[in-house]
Amino acid sequence: MGHVVLRLGAIVEQLGGELLGDAQLEIESLAPLESADIRALSFLSSAKYRSQLTTTRAACVVVAPALRDEALARGACIVTPDPYVYFARLTQLWQRARKAALPAGPRIHPSAVVDALAEVDSSAVIGPLCVVERGAKIGAHTWLKSRVTVGEDCVIGARCILHSGVVIGADGFGFAPVRAEDGTCWEKIEQLGAVRIGDDVEIGANTCIDRGALADTVIEDGVKLDNLIQIAHNVRVGRNTAMAACVGVAGSAVIGANCTIGGGAGIAGHLTLADNVHVSAFSLVSRSLHKPGHYTGVFPLDDNASWEKNAATLKQLAGLRERLRALEKARGPESSDPTNDKN
Amino acid sequence: MGHVVLRLGAIVEQLGGELLGDAQLEIESLAPLESADIRALSFLSSAKYRSQLTTTRAACVVVAPALRDEALARGACIVTPDPYVYFARLTQLWQRARKAALPAGPRIHPSAVVDALAEVDSSAVIGPLCVVERGAKIGAHTWLKSRVTVGEDCVIGARCILHSGVVIGADGFGFAPVRAEDGTCWEKIEQLGAVRIGDDVEIGANTCIDRGALADTVIEDGVKLDNLIQIAHNVRVGRNTAMAACVGVAGSAVIGANCTIGGGAGIAGHLTLADNVHVSAFSLVSRSLHKPGHYTGVFPLDDNASWEKNAATLKQLAGLRERLRALEKARGPESSDPTNDKN
Amino acid sequence: MGHVVLRLGAIVEQLGGELLGDAQLEIESLAPLESADIRALSFLSSAKYRSQLTTTRAACVVVAPALRDEALARGACIVTPDPYVYFARLTQLWQRARKAALPAGPRIHPSAVVDALAEVDSSAVIGPLCVVERGAKIGAHTWLKSRVTVGEDCVIGARCILHSGVVIGADGFGFAPVRAEDGTCWEKIEQLGAVRIGDDVEIGANTCIDRGALADTVIEDGVKLDNLIQIAHNVRVGRNTAMAACVGVAGSAVIGANCTIGGGAGIAGHLTLADNVHVSAFSLVSRSLHKPGHYTGVFPLDDNASWEKNAATLKQLAGLRERLRALEKARGPESSDPTNDKN
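Residue numbers (the working numbering), protein chains in the order written: chain A, 464 to 806; chain B, 464 to 806; chain C, 464 to 806.
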């Protein structure tokens with residue numbers, strides 16, 4: 464894409480911050496401290512990386528007020544309360560500058576299949592080979608990248624980004640078991656609800672959000688979903704919650720606001736997670752979590768031989784506890800210990 | 464979509480059941496007991512929710528014979544042996560009524576790419592932007608939603624539903640290692656088999672079923688697969704087995720009939736699962752399961768600090784067992800306990 | 464697809480190997496030893512299956528030199544140093560023969576959306592309904608199957624295969640937290656890097672590889688990725704590494720060459736894996752692995768009732784260790800054991 468060159472003066476004019484250094488200096492790239500070259504703008508997001516300040520070759524560094532003097536000692540800097548947020552806005556500025564030099568694509572790509580009864584805001588962009596079905600609504604400035612499906616009656620808010628391969632509004636997985644002599648078969652429960660997605664939601668590639676069975680599946684404002692995530696029918700995901708890739712959320716789970724769910728984690732069905740719950744990667748949440756906090760359930764990695772020994776013993780763990788208790792009992796009351804379990 | 468209004472009399476005329484109440488009563492929605500309004504039809508699938516009978520505002524409730532009097536005491540009801548199956552059929556009735564008011568789409572959407580040598584039954588529906596390759600067969604009343612790929616020579620039975628983004632017949636993951644001085648590289652094993660899918664199979668969004676290496680990958684009648692599932696080459700999934708989202712089944716696994724596989728679970732390659740095996744979510748099946756039953760292998764969730772302590776100790780578990788055994792031995796034969804392990 | 468018949472003589476002429484038997488014998492299929500019929504060519508990849516040599520009905524068997532006499536005693540054979548690699552090349556020969564009888568499709572399918580500023584090698588094949596964006600490059604003999612997206616400025620090398628639904632170059636998952644009184648919201652970090660994929664890479668259906676934040680995400684030569692894999696931004700995957708389905712690799716992880724990652728495994732962000740690291744299925748790698756080896760972290764499967772008991776005890780494991788230590792201490796120094804932990 465287009466090569467971008469911006470002067471430091473133009474940058475602070477657009478993004479704010481206090482520039483200490485030559486406003487005419489030309490910046491040609493954004494880079495981390497350790498790989499920045501002498502035309503690059505870099506940033507220091509945490510004081511723990513401050514040692515890199517003395518070694519970086521960056522033309523200018525974005526820092527917090529506490530590091531002003533240290534940064535200034537090595538060259539130009541921009542001082543701002545939150546350098547990481549400033550950096551995010553820098554990337555947006557860069558992206559806009561790159562795109563400005565290029566011709567805009569069509570608003571609705573001619574290869575997209577948009578039903579005549581869908582409502583697409585005049586500022587939304589529908590990329591190549593997308594499908595927008597009857598009754599769907601796409602809000603202002605929302606962008607469907609390419610090969611996205613938005614199913615019947617599903618609603619997407621404003622300023623959303625849906626990456627390639629996203630499927631909104633496939634049928635939730637609902638079947639009633641029909642018992643018969645030769646085994647159970649399944650009667651389909653038609654999924655009569657839809658999906659409602661708020662504003663400022665970003666949804667990663669090949670992620671799926673199913674339509675509700677009777678009511679709607681709901682994704683609130685500001686939610687960020689990474690790639691290959693499954694959101695089942697009737698789930699509600701609260702405002703500004705973020706999920707890393709490969710998470711699965713089962714049906715009717717209700718997840719609070721400002722949660723973070725690590726990659727590959729799972730949320731069982733019909734649970735409630737409070738606001739500000741943080742789930743580690745690869746952990747299965749199998750009960751409701753009513754208190755904010757950080758929760759984990761992962762088998763620790765080990766070399767395979769050690770793992771085999773420990774995993775084999777794990778299958779006898781309840782028995783080991785019984786044996787320990789028997790030994791304690793045999794030793795008599797003097798061995799009693801406040802950490803003993805009671806049951 | 465179209466708003467549906469149906470009289471109770473018309474409902475039992477179509478679905479059966481014994482109506483106790485006013486056949487002229489108009490129903491405008493289906494809803495769970497707790498959120499039903501006075502125009503809604505609801506159902507009681509299990510006696511454990513019977514207390515909701517007294518509080519629901521539903522116009523009519525579908526119940527089993529045992530709850531007839533209780534239901535009748537509060538208003539209209541439909542009595543039927545299996546209310547949950549009846550409810551499933553109600554959703555189908557609702558869906559048909561909603562769709563009846565709308566113009567039907569084309570049978571094969573003009574944006575779909577269907578090879579001239581594919582065989583598509585005249586009652587099948589191929590949605591927008593689907594790909595049906597040479598030699599593929601699509602059975603009667605089967606519906607490919609949108610952006611579905613059915614690869615060369617793959618066969619889909621009758622009355623199947625394939626949701627958006629499904630990929631049937633990508634190459635199985637097969638490579639022969641070629642050892643060389645500078646490391647192993649991989650020689651592709653062309654996948655010469657196909658995929659055969661029976662009747663009444665439903666496949667969720669972005670799920671993948673790979674073609675077999677020499678023989679075919681087989682999905683039997685009535686199987687239900689949720690979203691984002693991986694079925695590897697040469698797998699066989701038995702009749703009426705259901706899998707929740709994000710399951711992975713490795714190559715050549717043979718899964719019996721009437722199994723249920725929880726979300727995010729995995730089945731290792733070359734295993735056999737008997738009929739009526741039930742695997743919990745997030746569990747890895749790493750050996751064959753020859754007996755019906757319910758199997759689990761999940762690290763229990765805990766607050767992160769507790770998890771850290773327990774997980775660290777887990778890596779010493781085999782050692783703890785040795786120490787326990789040493790203590791038992793030191794205590795002498797009087798400590799022997801029938802639950803002691805022998806090895 | 465076309466039925467293939469090849470004489471044994473023609474096979475060794477093309478693939479090498481020493482034929483012991485009638486060069487005029489016609490072969491109609493490739494098959495495993497146990498299901499081979501009398502027109503099939505089979506192979507023996509490992510001496511442990513040698514007993515099948517006496518029972519197979521195969522017309523001819525590919526064997527290693529050590530099994531020459533044994534194979535010859537039952538009929539025709541082809542002797543070659545690595546029968547499994549020979550078999551892989553046989554499947555390729557078969558595929559070429561099948562395809563030769565069929566008309567070739569167009570090089571760039573008319574339904575694909577290829578930007579005028581993308582560079583597609585004249586020998587590459589772009590399948591139906593693919594999207595190749597501005598600035599993307601597709602190398603010689605590379606094949607995008609169907610419904611593949613290659614995003615802006617992403618580069619795919621030579622002889623690659625990208626299966627249906629693959630998404631290359633969606634935005635990496637990057638957001639800066641913006642703290643406010645009513646909770647944290649997220650500022651998007653535009654992803655200014657791209658994806659660079661080497662030669663001879665195969666990528667399975669619906670797999671996603673995100674573009675880098677500032678620098679590029681890199682997949683080196685010969686890497687093989689199965690279906691439904693997530694490769695996050697700024698990851699580097701080394702030469703000839705293979706990953707089974709449903710793996711997730713978090714941002715900025717650096718994976719060495721000749722690694723194998725089992726299905727459903729995860730690699731946490733910002734880690735380094737040495738060359739020749741092998742990770743078991745379903746294991747989470749949460750720390751760097753600097754030594755080659757085989758690593759595992761999976762909760763062993765059990766019947767659900769046993770699992771419940773052991774899993775409940777697991778949450779007290781650190782406490783059990785304390786109690787064991789207390790007993791050991793109470794017994795005094797004579798109980799000391801070299802396997803005791805020290806902390």
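Treat the hints as calculated values from the structure; they're not laboratory data.
Treat the numbers as computed from the prediction; the structure is a model and nothing was measured.
Heads up, a few of these hints could be off.
Listed below are the simulated DMTMM-like cross-link pairs for lysine to aspartate or glutamate, each with C-alpha atoms no more than 25 Å apart in a straight line [as the list claims (entries may be wrong)]:
1. A:Lys-511 to C:Glu-650
2. C:Lys-511 to C:Glu-497
3. A:Lys-754 to A:Asp-766
4. C:Lys-754 to B:Asp-645
5. A:Lys-600 to A:Glu-481
6. C:Lys-651 to A:Glu-785
7. B:Lys-562 to B:Glu-650
8. B:Lys-772 to A:Glu-785
9. B:Lys-651 to C:Glu-785
10. A:Lys-562 to A:Asp-500
11. A:Lys-754 to B:Asp-765
12. A:Lys-562 to C:Glu-650
13. A:Lys-754 to B:Glu-489
14. B:Lys-511 to A:Asp-545
15. C:Lys-562 to C:Glu-489
16. B:Lys-792 to B:Glu-771
17. A:Lys-772 to A:Glu-785
18. A:Lys-772 to C:Asp-766
19. B:Lys-772 to C:Glu-615
20. B:Lys-600 to B:Asp-662
21. C:Lys-511 to B:Glu-650
22. A:Lys-651 to B:Asp-684
23. A:Lys-511 to A:Glu-489
24. B:Lys-562 to B:Asp-645
25. B:Lys-778 to C:Asp-584
26. A:Lys-778 to A:Asp-766
27. B:Lys-651 to C:Asp-766
28. B:Lys-562 to B:Glu-476
29. B:Lys-651 to C:Asp-684
30. C:Lys-772 to B:Asp-766
31. A:Lys-651 to A:Glu-615
32. C:Lys-651 to C:Glu-615
33. A:Lys-562 to C:Glu-615
34. B:Lys-778 to C:Asp-766
35. B:Lys-651 to B:Asp-766
36. C:Lys-600 to C:Asp-584
37. C:Lys-651 to A:Glu-481
38. C:Lys-511 to C:Glu-489
A quick look at each hint next to the structure:
1. Using a Cα cut-off of 25 Å, the hinted pair Lys-511 (chain A) and Glu-650 (chain C) holds, with the two alpha carbons roughly 22 Å apart.
2. With a CA separation close to 14 Å, the supplied pair Lys-511 (chain C) and Glu-497 (chain C) stays within the 25 Å bound.
3. Of the supplied pair hints, the one linking Lys-754 (chain A) and Asp-766 (chain A) is violated, its CA atoms being roughly 35 Å apart against a limit of 25 Å.
4. Under the criterion of a C-alpha separation no larger than 25 Å, the hint pairing Lys-754 (chain C) with Asp-645 (chain B) is consistent with the structure, at around 18 Å.
5. Of the pairs offered as hints, the one joining Lys-600 (chain A) and Glu-481 (chain A) is violated, with about 42 Å between alpha carbons and a cut-off of 25 Å exceeded.
6. Only pairs whose Cα atoms come within 25 Å are accepted, and Lys-651 (chain C) paired with Glu-785 (chain A) is rejected, the gap being roughly 53 Å.
7. A hinted pair counts as satisfied when its Cα atoms are at most 25 Å apart, and Lys-562 (chain B) with Glu-650 (chain B) does not qualify at roughly 51 Å.
8. For a cut-off of 25 Å, the pair hint linking Lys-772 (chain B) to Glu-785 (chain A) stands: about 21 Å separates their Cα positions.
9. Between Lys-651 (chain B) and Glu-785 (chain C), the direct Cα distance comes to roughly 53 Å. Violation of the 25 Å bound is thereby established for this hinted pair.
10. Restraint check: the Cα-Cα separation between Lys-562 (chain A) and Asp-500 (chain A) comes to about 23 Å, which is no more than 25 Å; the hinted pair holds.
11. Taking the CA atoms of Lys-754 (chain A) and Asp-765 (chain B), the gap is about 12 Å. The hint holds against a cut of 25 Å.
12. Taking the CA atoms of Lys-562 (chain A) and Glu-650 (chain C), the gap is about 19 Å. The hint holds against a cut of 25 Å.
13. For the hint pairing Lys-754 (chain A) with Glu-489 (chain B), the CA-to-CA distance comes to about 44 Å; that exceeds 25 Å, so the pair is violated.
14. In summary, the hint linking Lys-511 (chain B) to Asp-545 (chain A) is not supported, as the alpha carbons are separated by about 54 Å, beyond the 25 Å threshold.
15. Restraint check for Lys-562 (chain C) and Glu-489 (chain C): satisfied, since their Cα atoms lie roughly 19 Å apart, inside the 25 Å limit.
16. Proximity of Lys-792 (chain B) to Glu-771 (chain B) is assessed by CA-CA distance (about 31 Å); at most 25 Å being required, the pair is judged violated.
17. Between the alpha carbons of Lys-772 (chain A) and Glu-785 (chain A) the distance comes to roughly 20 Å, so the proposed pair stays at or under 25 Å and holds.
18. Taking the CA atoms of Lys-772 (chain A) and Asp-766 (chain C), the gap is near 19 Å; set against the 25 Å cutoff, the hint holds.
19. Pair hint Lys-772 (chain B) plus Glu-615 (chain C) does not hold up; C-alpha atoms about 46 Å apart against a cutoff of 25 Å.
20. Note on Lys-600 (chain B) and Asp-662 (chain B): the hinted pairing holds, with a Cα-Cα distance of about 12 Å set against a maximum of 25 Å.
21. A threshold of 25 Å between alpha carbons decides the hint, and for Lys-511 (chain C) with Glu-650 (chain B) the separation of about 22 Å falls inside it, so the pair holds.
22. A C-alpha spacing of about 14 Å is found between Lys-651 (chain A) and Asp-684 (chain B), which places the hinted pair at or below 25 Å, so the restraint holds.
23. This hinted pair does not check out: Lys-511 (chain A) and Glu-489 (chain A) have alpha carbons roughly 28 Å apart, beyond 25 Å.
24. For the hint pairing Lys-562 (chain B) with Asp-645 (chain B), the CA-to-CA distance comes to about 62 Å; that exceeds 25 Å, so the pair is violated.
25. Only pairs whose Cα atoms come within 25 Å are accepted, and Lys-778 (chain B) paired with Asp-584 (chain C) is rejected, the gap being roughly 52 Å.
26. Among the hinted pairs, Lys-778 (chain A) with Asp-766 (chain A) is consistent with the structure: their alpha-carbon atoms are about 19 Å apart, no more than 25 Å.
27. With a C-alpha separation of about 38 Å, the suggested pairing of Lys-651 (chain B) with Asp-766 (chain C) is violated against the 25 Å cut-off.
28. For the hint pairing Lys-562 (chain B) with Glu-476 (chain B), the CA-to-CA distance comes to about 20 Å; that is within 25 Å, so the pair holds.
29. Between Lys-651 (chain B) and Asp-684 (chain C), the direct Cα distance comes to roughly 14 Å. Compliance with the 25 Å bound is thereby established for this hinted pair.
30. Proximity of Lys-772 (chain C) to Asp-766 (chain B) is assessed by CA-CA distance (about 19 Å); at most 25 Å being required, the pair is judged to hold.
31. Proximity of Lys-651 (chain A) to Glu-615 (chain A) is assessed by CA-CA distance (about 18 Å); at most 25 Å being required, the pair is judged to hold.
32. Taking the CA atoms of Lys-651 (chain C) and Glu-615 (chain C), the gap is about 18 Å. The hint holds against a cut of 25 Å.
33. A distance of roughly 11 Å separates the Cα atoms of Lys-562 (chain A) and Glu-615 (chain C); the hinted pair therefore holds under the 25 Å criterion.
34. For the hint pairing Lys-778 (chain B) with Asp-766 (chain C), the CA-to-CA distance comes to about 23 Å; that is within 25 Å, so the pair holds.
35. Using a Cα cut-off of 25 Å, the hinted pair Lys-651 (chain B) and Asp-766 (chain B) is violated, with the two alpha carbons roughly 45 Å apart.
36. In summary, the hint linking Lys-600 (chain C) to Asp-584 (chain C) is supported, as the alpha carbons are separated by about 8 Å, within the 25 Å threshold.
37. As the CA atoms of Lys-651 (chain C) and Glu-481 (chain A) are separated by approximately 22 Å, the hinted pair is consistent with the 25 Å bound.
38. Only pairs whose Cα atoms come within 25 Å are accepted, and Lys-511 (chain C) paired with Glu-489 (chain C) is rejected, the gap being roughly 28 Å.
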